[in-house]
Amino acid sequence: GNSVTQMEGPVTLSEEAFLTINCTYTATGYPSLFWYVQYPGEGLQLLLKATKADDKGSNKGFEATYRKETTSFHLEKGSVQVSDSAVYFCALDNQGGKLIFGQGTELSVKP
Amino acid sequence: NAGVTQTPKFQVLKTGQSMTLQCAQDMNHNSMYWYRQDPGMGLRLIYYSASEGTTDKGEVPNGYNVSRLNKREFSLRLESAAPSQTSVYFCASSGDSYRSNQPQHFGDGTRLSIL
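In order, the protein sequence lines correspond to chains A and B. In terms of this note's numbering, the first sequence opens at residue 7 and continues consecutively. In terms of this note's numbering, the second sequence opens at residue 106 and continues consecutively.
Please keep in mind that the hints were generated in silico from the structure rather than gathered at the bench. This list has only true hints and no planted wrong ones.
With a straight-line Cα cutoff of 30 Å, these simulated BS3-like cross-link-like pairs (lysine-lysine) come out: (1) A:Lys58 - A:Lys74; (2) B:Lys119 - B:Lys162; (3) B:Lys114 - A:Lys104; (4) A:Lys66 - B:Lys114; (5) A:Lys104 - B:Lys176; (6) A:Lys66 - A:Lys116.
Keep in mind the model is a prediction, meaning the values are calculated, not measured.
Starting from the given sequences, assemble the full structure and let the hints guide the process.
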């Protein structure tokens, strides 16, 4: 069946460092891909999405490109801030709106 | 600006007790979902409702029941709580489940502990 694998955390970075969180997927067809972010004590919020191969989703300085060849959707940001500290989830649409999530990657940004 | 509202926010139960988690959305969404979040496992779908009057099992439905009371409300019931159901439960909604690029909007979660 379809699945999502994320790099394990926690990831600890200094402010202004470059961020990459790896996400790879296994799926039949070409599902839509998403990154969600969860701040402490809150629910998940959509960060960005891509609906077809080679699409680039972007929001708040974060980017991710839908790579069909490598079945990947890595999240990147050029310069992280303390306020980016959160848990990040990669997800794919498993038909009919049912999402399959990766295990989540905790990011901690130090000043 | 409520979005998806879940009640209660916290609950402690004893093994064998029953309870219902409530969820309501004010975005006129057709589809609603219940997930559980466990450490190191991401979120897993328990049940979903593609539209008012329909419900279907997700990945981990055992031990749970749901009711889509109307378009706004989707409740999750634990008939006989077990310690393995200790988790954080999230409700979500989206415009239409058949459109694969529709984002889901999440509530803030219910933290449930079963002793």
